[in-house]
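> Sequence:
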Amino acid sequence: MATTPKVLDGEPGGLSTLVRAALPVVPGLNQLPGVRKGSAADFTGLAFRREGVVAERPRVDAYAAVCGFPRKDVVPLTYPHMLAFPLHMAIMSDPGFPYPAIGMVHVENTITAHRAIGVGEVLDVVTEVGAARPHAKGVLLDFVTTVAAGTDIVWESTSTYLRRGRTVDGDAAVGLVITDPPSGGVEWRLPANLGRTYASVSGDANPIHLYPLTAKALGFPRQIAHGMWTKARSIAAIENRLPEAVTVEVAFKKPVFLPGTVAFAARQGDAGWTFALTSPKDGSPHLVGRTSTP
67 MATTPKVLDG
77 EPGGLSTLVR
87 AALPVVPGLN
97 QLPGVRKGSA
107 ADFTGLAFRR
117 EGVVAERPRV
127 DAYAAVCGFP
137 RKDVVPLTYP
147 HMLAFPLHMA
157 IMSDPGFPYP
167 AIGMVHVENT
177 ITAHRAIGVG
187 EVLDVVTEVG
197 AARPHAKGVL
207 LDFVTTVAAG
217 TDIVWESTST
227 YLRRGRTVDG
237 DAAVGLVITD
247 PPSGGVEWRL
257 PANLGRTYAS
267 VSGDANPIHL
277 YPLTAKALGF
287 PRQIAHGMWT
297 KARSIAAIEN
307 RLPEAVTVEV
317 AFKKPVFLPG
327 TVAFAARQGD
337 AGWTFALTSP
347 KDGSPHLVGR
357 TSTP
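To convert a position in the sequence shown, counted from 1, into the numbering used here, add 66.
All clues stand as given, with none of them false.
Derived pair list, reagent style DSSO-like, types lysine-lysine, alpha-carbon separation capped at 27 Å:
| hint | residue 1 | residue 2 |
| --- | --- | --- |
| 1 | Lys282 | Lys320 |
| 2 | Lys320 | Lys203 |
| 3 | Lys282 | Lys203 |
| 4 | Lys347 | Lys282 |
| 5 | Lys203 | Lys319 |
| 6 | Lys320 | Lys347 |
| 7 | Lys347 | Lys319 |
| 8 | Lys282 | Lys319 |
Keep in mind the hints are simulated off the structure, nothing from the lab.
Please model the complete structure; the sequences and the hints are all you need to start from.
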C-alpha cells in the first residue's frame, strides 16, 4: 500500500458526511480551510480504514431484502461494498482529495470474493485511491478495497469513478468491453422510492437517487437508481449458480430513471456468465457484466 491509511472511527455516514461532500462545490465556502481541495497535479494517493467491523444480521437482512437476495448465514456477494462505502466518502470528503464528491460518477465496479463471509464475522476494511488515470471525458480514479478476516483477505473490489473535466497525461484505457451481451429477458418494474429505500440500507444518500427535485438540481430529469443496486440485483438473479470464489465485473452505462422498467438477461458460457440490464423499449444498456473464476 503506497499510502498509510487513516482510521475512520465511530459510526460513519449521515448528514455530516453529506455536508462535507457538498461544501467543496459551494462558491466561497469551498475556499475555507478544511474545505478547500488540494491540487490535482500534486495528488498521489489517500487511504482510510475501518477496524473490527461486524456484518450485523439486521443490516445484512435489510440489504438482502432490498436487493433481492435470500436470507442466509453468509452475506450477499455485494454486501461488503456497504462496509467500504463510508471509506469512499471519507476519501472524497478529505481536503487532500482534489475532486469534489458531488459530480463523481461510478462507471465500473469489480468484486472478487475469495470465500463466503459469515453473518457476524468481524472484518477489517481498507480503501485506497491513487493518482488519476486519463479518460476521454476527464479522469478516472480507482477506489481499491480489501476486506480481511484476521490475516486472510476474503473480499476485494475496485470502484472506478469518472470525474468529468480536465484530463491528465497518458493513454486513456478502454475499460470493460463485453461483446454480444445478452438482451431481453425478464422485466423488473422499479418503484419511485427505490433510491430512498436503497439509501436507507446502504448509506448512499446522494441526492440524485432520492427525489425528482433533488435529482433535477444536479442535472437529471428525475431520480435514478443506484448503480450498485443494479449490480446487486443482477447478481441476486444468478447468485445460486455462482461459485463461492468468484469475480464479477460490471460497467454502468445509461442511468435507470425511477419509476421505470428494466429487462434482465443472463447467459452462461465456458468462462462464466455474462449478463445485462437493458431498456425494454429500445434495448439500450443500463449495465453489462460478466463473471469469472479468480
